[in-house]
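Enquirer: Going letter by letter, the sequence shown gives residues 5 to 414 in the working numbering.
Hints were generated in silico from the structure; no laboratory data involved.
Any given hint might turn out to be false.
With a straight-line cut-off of 30 Å between C-alpha atoms, the simulated DSS-like cross-links for lysine-lysine are [claimed, not checked]:
1. K246 / K100
2. K100 / K59
3. K147 / K100
4. K167 / K147
5. K59 / K167
6. K147 / K246
Restraint ranges, calculated between C-beta atoms of paired labels, are given here [claimed, not checked]:
7. Q143 / V306: 39 to 49 Å
8. Q7 / V403: 21 to 31 Å
9. A256 / G201: 19 to 29 Å
10. M215 / T269: 43 to 53 Å
11. D304 / S335: 20 to 30 Å
12. P26 / V66: 44 to 54 Å
13. D218 / Q45: 22 to 32 Å
14. A18 / Q305: 11 to 21 Å
None of these values were measured; they are calculated from a predicted model.
Glycine included, each C-beta is placed from N, C-alpha and C at the ideal position.
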Amino acid sequence: MKQVHQDELNSFRAAFPGLDQPINDEPLIYFDNAATAQSPQVAIDAVTNYYSNNKANVHRGVHTLGTRSTELYDQARQTVADFIHAPTATDVIFTKGSTEGLNWVAQSFAQQLTETDEIIVSVFEHHANFLPWQRLAQQTGAKLVVIGLTPSNAFDWAAFEDKLVPQTKIVALTMMSNVTGTTIDMRRVSAMAHQVGAVVVADAAQAIVHMTIDVVALDVDYLVFSGHKLYGPMGIGVLYGKPALLNQIEPALIGGGMVALVTNTTAEWLPLPERLEAGTPNVGGAVGLAAVITWLQTLDQVGLQQHVLRLAQALLAGLAHRVAVTTYGVSGSPIISFNLAGVHPHDVATALDQLGIAVRAGHHCAQPLMHALGLTNTGTVRVSLAPYNTLAEVHRFLVALDEIIVYFRR
């Protein structure tokens, strides 16, 4: 396993000002990265500079500020396209986040599907990649097929292969579970799904942080992610799509910035990407996201990922040695869910917060998975790691967990 130099890890952590604060008189340990990651100073500075010096509407004015703002926005789109290896920048649509992108894609099929068609999702899906397809099935009469778990709680490839039929029109799957960290090989999914003519939609909200994304190599038809999980600002997301399919999406919003011609009775839309970005976009968010991506590309990504893997292995090993703990996940995953026998997850999370440790507790917007795991009434405690976390934090977390175990056994 590649070792990243400690100085590099220290430098990475120091870039995030939000980590350097006390919570309940304890140094903050931020273990809720799957919900949202902290932002580095480079993103904060980029957004501040935009609003301080370059704020103007894009693709509208010919004045200097308008030109600057437009150039920054267009450059941000190109930066994102390069990051995910999209063929052209026009394949990238800026959204509010993964949820909006998935809803747009789902509704683009509302006039195409019939009651003889089928949509495949998995039990691992975040609600953002489950509910839009559930609603689409209800609207069209199509059948929603949910791929379940194997006995070892992995993605059931045999069931997936069995359920792929000529009637399958859409396969929408997460690349990484936000509960267990389980990954699904999207290249394999695409190869199998395309054999029956299905469109492949990839939810990369978690994966974008922990693996290299190449949309061409994956051969996905659509892919979404959110900027805030990639250390960027909130309220900015990305929808990638193959051009022919993006053009099938009817604009969810219509108005300024996306029209070529308007008369009293007709309207013509601009080409991609403008046709799907009506109104004033989140330029500051796009600029902040691009700044993060540019910064990340100067770093040792493999080394940072391996550091997270070492943290995850240490955490999972520590949890395994505590008989009161049940874990749900896979070895080496940056996302680990667990429960403490006899203690509700919310109580565990509250107790950890009193010790300065931020985790997530509950259903994690993934109730179908909770049902499958037999955790409908409780959910789990979730720890999600990032490269700015440290082995010392993992050890402190385990000590804190021991204190909680003792407290609730009194």
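Enquirer: Taking the numbered hints from earlier one at a time, note which ones the structure violates and give those numbers from smallest to largest.
Expert: 5
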